[in-house]
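> What follows is each chain in one-letter form.
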Amino acid sequence: MDKGYKKGTITSNIEIASNIYELKVASSFNSPFYGEAGQFYMLRAWNGLDPFLARPLSISNIMDGEITFLYQLRGRGTERISKLKSGDSLELMGPLGSSFNTNLRGNVALISGGIGIAPLVFLAKSLKANIDFYCGFKDEVYYIDKIRKYSRAVYISTESGSVGYRGLITEIFNPALYDIAFSCGPVGMMKRIVKMCKGKIPVYISMENRMACGIGACLGCSIKTSKGMKRVCKEGAVFLGEEVFYCD
Amino acid sequence: MDKGYKKGTITSNIEIASNIYELKVASSFNSPFYGEAGQFYMLRAWNGLDPFLARPLSISNIMDGEITFLYQLRGRGTERISKLKSGDSLELMGPLGSSFNTNLRGNVALISGGIGIAPLVFLAKSLKANIDFYCGFKDEVYYIDKIRKYSRAVYISTESGSVGYRGLITEIFNPALYDIAFSCGPVGMMKRIVKMCKGKIPVYISMENRMACGIGACLGCSIKTSKGMKRVCKEGAVFLGEEVFYCD
Amino acid sequence: MIDMRVNLCGIEFKNPVIAASGSFGFGREYSEIFSLSKLGGISTKGLTLEKREGNKGIRIYETTGGILNSIGLENPGIDYFISEELPFMIKQNTVIIANVGGNTVEDYVKAVNKLNETKIDMIELNISCPNVKEGGMAFGIKSKTSYRVVSEVRRACKKPLIVKLSPNAENIVQLAESCVKAGADGLSLVNTFSGMAVDIKNRKAVFDNIIAGLSGPCIKPIALRMVYEVSKAVDVPIMGIGGIMNYKDAIEFIMAGAWTVQVGSANFIKPTITLDIIDGIKNFMAEEGIKSLEEIRGVI
Amino acid sequence: MIDMRVNLCGIEFKNPVIAASGSFGFGREYSEIFSLSKLGGISTKGLTLEKREGNKGIRIYETTGGILNSIGLENPGIDYFISEELPFMIKQNTVIIANVGGNTVEDYVKAVNKLNETKIDMIELNISCPNVKEGGMAFGIKSKTSYRVVSEVRRACKKPLIVKLSPNAENIVQLAESCVKAGADGLSLVNTFSGMAVDIKNRKAVFDNIIAGLSGPCIKPIALRMVYEVSKAVDVPIMGIGGIMNYKDAIEFIMAGAWTVQVGSANFIKPTITLDIIDGIKNFMAEEGIKSLEEIRGVI
Ligand SMILES: Cc1cc2nc3c(=O)[nH]c(=O)nc-3n(C[C@H](O)[C@H](O)[C@H](O)COP(=O)(O)OP(=O)(O)OC[C@H]3O[C@@H](n4cnc5c(N)ncnc54)[C@H](O)[C@@H]3O)c2cc1C
Ligand SMILES: Cc1cc2nc3c(=O)[nH]c(=O)nc-3n(C[C@H](O)[C@H](O)[C@H](O)COP(=O)(O)OP(=O)(O)OC[C@H]3O[C@@H](n4cnc5c(N)ncnc54)[C@H](O)[C@@H]3O)c2cc1C
Ligand SMILES: Cc1cc2nc3c(=O)[nH]c(=O)nc-3n(C[C@H](O)[C@H](O)[C@H](O)COP(=O)(O)O)c2cc1C
Ligand SMILES: Cc1cc2nc3c(=O)[nH]c(=O)nc-3n(C[C@H](O)[C@H](O)[C@H](O)COP(=O)(O)O)c2cc1C
Ligand code: FES
Ligand code: FES
Chain A
1 MDKGYKKGTI
11 TSNIEIASNI
21 YELKVASSFN
31 SPFYGEAGQF
41 YMLRAWNGLD
51 PFLARPLSIS
61 NIMDGEITFL
71 YQLRGRGTER
81 ISKLKSGDSL
91 ELMGPLGSSF
101 NTNLRGNVAL
111 ISGGIGIAPL
121 VFLAKSLKAN
131 IDFYCGFKDE
141 VYYIDKIRKY
151 SRAVYISTES
161 GSVGYRGLIT
171 EIFNPALYDI
181 AFSCGPVGMM
191 KRIVKMCKGK
201 IPVYISMENR
211 MACGIGACLG
221 CSIKTSKGMK
231 RVCKEGAVFL
241 GEEVFYCD
Chain B
1 MDKGYKKGTI
11 TSNIEIASNI
21 YELKVASSFN
31 SPFYGEAGQF
41 YMLRAWNGLD
51 PFLARPLSIS
61 NIMDGEITFL
71 YQLRGRGTER
81 ISKLKSGDSL
91 ELMGPLGSSF
101 NTNLRGNVAL
111 ISGGIGIAPL
121 VFLAKSLKAN
131 IDFYCGFKDE
141 VYYIDKIRKY
151 SRAVYISTES
161 GSVGYRGLIT
171 EIFNPALYDI
181 AFSCGPVGMM
191 KRIVKMCKGK
201 IPVYISMENR
211 MACGIGACLG
221 CSIKTSKGMK
231 RVCKEGAVFL
241 GEEVFYCD
Chain C
1 MIDMRVNLCG
11 IEFKNPVIAA
21 SGSFGFGREY
31 SEIFSLSKLG
41 GISTKGLTLE
51 KREGNKGIRI
61 YETTGGILNS
71 IGLENPGIDY
81 FISEELPFMI
91 KQNTVIIANV
101 GGNTVEDYVK
111 AVNKLNETKI
121 DMIELNISCP
131 NVKEGGMAFG
141 IKSKTSYRVV
151 SEVRRACKKP
161 LIVKLSPNAE
171 NIVQLAESCV
181 KAGADGLSLV
191 NTFSGMAVDI
201 KNRKAVFDNI
211 IAGLSGPCIK
221 PIALRMVYEV
231 SKAVDVPIMG
241 IGGIMNYKDA
251 IEFIMAGAWT
261 VQVGSANFIK
271 PTITLDIIDG
281 IKNFMAEEGI
291 KSLEEIRGVI
Chain D
1 MIDMRVNLCG
11 IEFKNPVIAA
21 SGSFGFGREY
31 SEIFSLSKLG
41 GISTKGLTLE
51 KREGNKGIRI
61 YETTGGILNS
71 IGLENPGIDY
81 FISEELPFMI
91 KQNTVIIANV
101 GGNTVEDYVK
111 AVNKLNETKI
121 DMIELNISCP
131 NVKEGGMAFG
141 IKSKTSYRVV
151 SEVRRACKKP
161 LIVKLSPNAE
171 NIVQLAESCV
181 KAGADGLSLV
191 NTFSGMAVDI
201 KNRKAVFDNI
211 IAGLSGPCIK
221 PIALRMVYEV
231 SKAVDVPIMG
241 IGGIMNYKDA
251 IEFIMAGAWT
261 VQVGSANFIK
271 PTITLDIIDG
281 IKNFMAEEGI
291 KSLEEIRGVI
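In order, the protein sequences belong to chains A, B, C and D. Sequence positions in the first sequence follow the working numbering and run 1 to 248. Sequence positions in the second sequence follow the working numbering and run 1 to 248. Sequence positions in the third sequence follow the working numbering and run 1 to 300. Sequence positions in the fourth sequence follow the working numbering and run 1 to 300.
The following block holds chain A by itself, in its conformation from the complex (with noise of 0.2 Å):
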């Protein structure tokens, strides 16, 4: 039953800045949490049936079976997730969906947008190559720390100039000095990037989707790519992002 359902006891869940939560969560019994940089865990946290449908978060840490999802208050789901205290349970489905490749080398490029750091943080952990993580936000930033910790370098953007650059992080990152990215973030930031390394060096990002299975039967979280319709809980979320945004 490795995509089974899970109950997990959450053994932290912090808002480390505005709107942005830290949730550690600790496994029962002795099946641990896994899972790959960039694959995603199915989360219920409420007993009964509204919300209706699971929220999937991304993997931002496993360590000791005990996982870590970084997360931000959006709507009803993530909102519930946000009551919740140490001691209380909740049920998990994973590990979901396709992984970062974490076995290269070279210079590497992390860039993500707002909470897209999620996933990000633990490829960082995950990778054993040269890592430029650049991360752009709004205003606020959070994760630095951890982030330095497997990075050569970070650069930060803000958009109100709160912090590093004044502006957005496509803005100074450069696709020459590196030989693979990776980015989650906005789509738009995402496209810009995938627009920007065209040609030169291969992009990999993590996609959205509304979901609904998670596991890839019901079809709710189909693209379009350039290789035909993908499942983003399936193929995805990891794609080359060439693949997704093909077109223009």
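The set of hints was computed from the structure by calculation and includes no laboratory data. The structure displayed is predicted, hence computed values, not measured ones. Keep in mind that the hints are not guaranteed to be accurate.
[Stated by the list, open to error] Negatives, chain C to chain B, calculated, CB over 12 Å:
hint : residue
1    : Cys9
2    : Ser70
3    : Val109
4    : Ser143
5    : Arg148
6    : Lys158
7    : Ser215
8    : Val234
[As the list claims (entries may be wrong)] Here chain B is said to cover these stretches of chain C; the calculated rule only asks that three of the stretch's residues, wherever they fall, bring their Cβ under 8 Å from a Cβ of chain B:
hint : stretch
9    : 47-60
10   : 263-271
Even glycine gets a Cβ: it sits at the ideal position worked out from N, Cα and C.
Got chain A sorted already, so can you dock chains B, C and D with the ligands onto it with the hints?
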């Protein structure tokens, strides 16, 4: 906003017998709980709409603005309530419905069946008469200590014979000894008591019915009485027994 | 300045939020909780010519995201309403809509004749109650029968006439069109969906009538679709009903073509929920720079 | 001894729980989680003659107690299914039902002709998908059109033929009767309800197609009522579908007249929920001393 929505904070929620819980709720701000014996509150102890409707529970005590409910785990709603821990908050509407007349003297019988003890404890406390409390249970008994405090005598029956008289409480209750009786419990029991007292003494009973609004607007809880249709949540839950069980 | 007013069939509502029939009685109980003058309007409990006791057995049964009800039009009758309830309602400074049910065309006409002589603002003709065995519902299924009932009532009715449509109609758009052709000044939709539940322990239907009426947020997506379709097909104003729980739901209905909304089951979740909805609509309009509801009505 | 078997149109199901079309793909993903041989059967994702990419835009939208979906019959086409998916499915030791969609009668007939030559156990004709613009749904609304489609397919079909009914039908009982007259060996109901949602921030419909299909426990009371009504009207076996989340819901459908049940959206709540339902039915039968499902089928 008398019957408006109040927020309350759980001060304790303890299983005092198997599937029987005592819940204490402190009012928030300066809007203390109040109400009279026989009245009830509608409780919503969950976020979201599952379960959809609030659940009615009778007042078992009110002291210093704190309210006590005694409830039996029956289905999804009471299960949710049973999971609450102290410090958790919930929403309440009340006090609702009619109350027992506590302004009387003489010899009074209170007859409860199972969890029907819940409103009668508060009635016993509120009465300034000579109270004989008859309580019937299936097997396990509870709340007897509280009852003794307010009663001249306490008579217990259990169907299993584990405590007190083995059999039904109606078998040991004798209307001839009293000026008035009050009863709450299974419909069959209350019917029997009303029949026993017919032409001898008045019996007031506390009825149950499925409720939607709880305030008399939806007519979901209407029952037919000898005086026409009556709403359990508004004209009741306390009724004169013979008005409810008026046939045969 | 945000203008929440809606003028519907010549009657001005101070805001688009109306308490739906059957969820609000005659307003008395809610008036103990808040001032009814804050509401756009109130639709009364369904009235019939004669007093009715309603259905026996279980009347309310919870489902996922809603309730099944089988009240069966319990009401004190039109005469009692006019003498005992209406005077109170009229004083509440909000639009009062008399919701009228019936088993025969004659009953409807007689009830309407009595209401003509009162200060009631509008009449909402319920041709769609699923909980009355003898009839009612039957009128609201087929376009032809509806046409006949509505034309007869139209002839008698001196008040603005809203016809309340059943989602159980064979073809809701055709039904709406035929009601309008028959003289409806406006439409309200939807009433409850025919549904049922089984008591598996006792191996019988939960309701004595077997079939009951489903309401609540569970029906919202379907109700919204029906309002959308009907609003595209007819020219009269529409009151949107079905599972409205918050201001967002209300705005959805308005964008789908509703002029006003009616809130039913949500009143059971929180008695002041209509006020939250009114405030929410106002705030939304302020945030989005919407000056009057017309700007967004039917934008879909 | 508790016997959960159901013989429906000559095919034996080891228990009455079938995974509903569109919620279970071709079983592959779930086979990684549990042994499909435990299921009564599997209805495949809707198949069309040609491969389809499905709809653009948002495809899944949560509602209270359910979901709206607008997948638009994304599927690899009948030929690919037969060569790449069916061999795997056949090996799972459970009943395999091919769910077939289409835009024209000819498409349906061609698809069925191809399936005739395979080891598929039954065919489930989807004349009711609300998510395909060009057609499909149109067949499932009016009894006359349905009669025509089903008779044509019947003539071609060499397998037991189940017709899947739309709850959006003008008259579900008449529709059922005309499908049976046209040669359906059994009926399954219901498919999704036409519903919609509005994105109020952007003032547009959530779905590119505007209308989408509603499923989940929100629809259960209505679906149950339809199964009840249809089962009283026709003599063929019925598969009950709509919001079944647990064994109690399944028993309700069986008591209302269903022979088997299909479980759709519930699979998204917990991937092994069908197994819980099977166990639950078994325990209920044991507790209640029910030896075979026939004892309780249609007791309402
Ligand atoms: C594979 C995957 C991994 C993810 N990892 C993370 C993560 O690590 N941290 C994190 O904070 N978020 C992550 N997300 C996004 C997260 O799942 C959504 O924010 C969450 O489901 C929103 O739920 P809600 O109930 O709070 O909001 P809702 O009330 O459902 O919606 C709030 C807003 O979010 C949008 N939205 C809802 N669901 C999605 C969705 N699936 N994709 C895009 N937009 C959506 C809606 O349009 C709406 O504007 C991930 C999504 C996917 C698909
Ligand atoms: C005025 C009033 C006062 C009450 N006071 C108390 C009290 O002090 N302590 C207490 O334990 N209970 C009390 N009850 C009963 C209590 O409200 C129900 O037990 C509770 O609503 C069941 O909710 P549930 O979700 O747990 O069960 P559900 O899942 O809703 O149902 C479980 C079982 O209870 C039955 N049931 C559900 N609702 C009702 C109802 N309203 N009346 C009768 N049967 C019902 C169902 O038929 C089912 O068999 C009172 C009821 C009323 C009307
Ligand atoms: C308990 C109850 C009683 C109702 N009684 C009536 C009625 O008498 N007349 C009527 O036209 N509609 C009646 N309705 C239907 C509502 O007015 C409304 O159309 C329906 O509930 C859908 O709206 P909602 O989902 O907001 O509840 C009743 C609904 C409920 C829940
Ligand atoms: C995402 C999704 C896809 C579906 N695809 C199909 C389909 O291809 N063919 C079909 O006949 N029904 C399809 N359905 C309908 C289901 O088979 C079922 O009839 C409906 O969802 C009601 O059952 P439920 O409430 O258990 O989900 C689909 C349903 C969902 C939720
Ligand atoms: S969420 Fe169901 S296929 Fe991806
Ligand atoms: S519960 Fe609504 S009238 Fe009593």
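> Work down the list of hints and note, for each, if the structure agrees.
Here is what the structure says about each hint:
1. Cys9: holds, 26 Å
2. Ser70: The assertion about C:Ser70 is violated, with a minimum of 9 Å to chain B.
3. Val109: holds, 25 Å
4. Ser143: Since the minimum Cβ distance to chain B is about 31 Å, C:Ser143 lies beyond 12 Å and the statement holds.
5. Arg148: At roughly 30 Å from the nearest Cβ of chain B, C:Arg148 sits farther out than 12 Å, so the non-interface label holds.
6. Lys158: Per Cβ check, C:Lys158 is outside 12 Å of chain B; nearest 29 Å; holds.
7. Ser215: violated, 10 Å
8. Val234: C:Val234 clear of chain B: closest Cβ-Cβ about 31 Å, beyond 12 Å.
9. 47-60: Three-residue rule met by the stretch 47-60 of chain C, so holds; n is 6.
10. 263-271: Satisfied; 6 residues make the cut.
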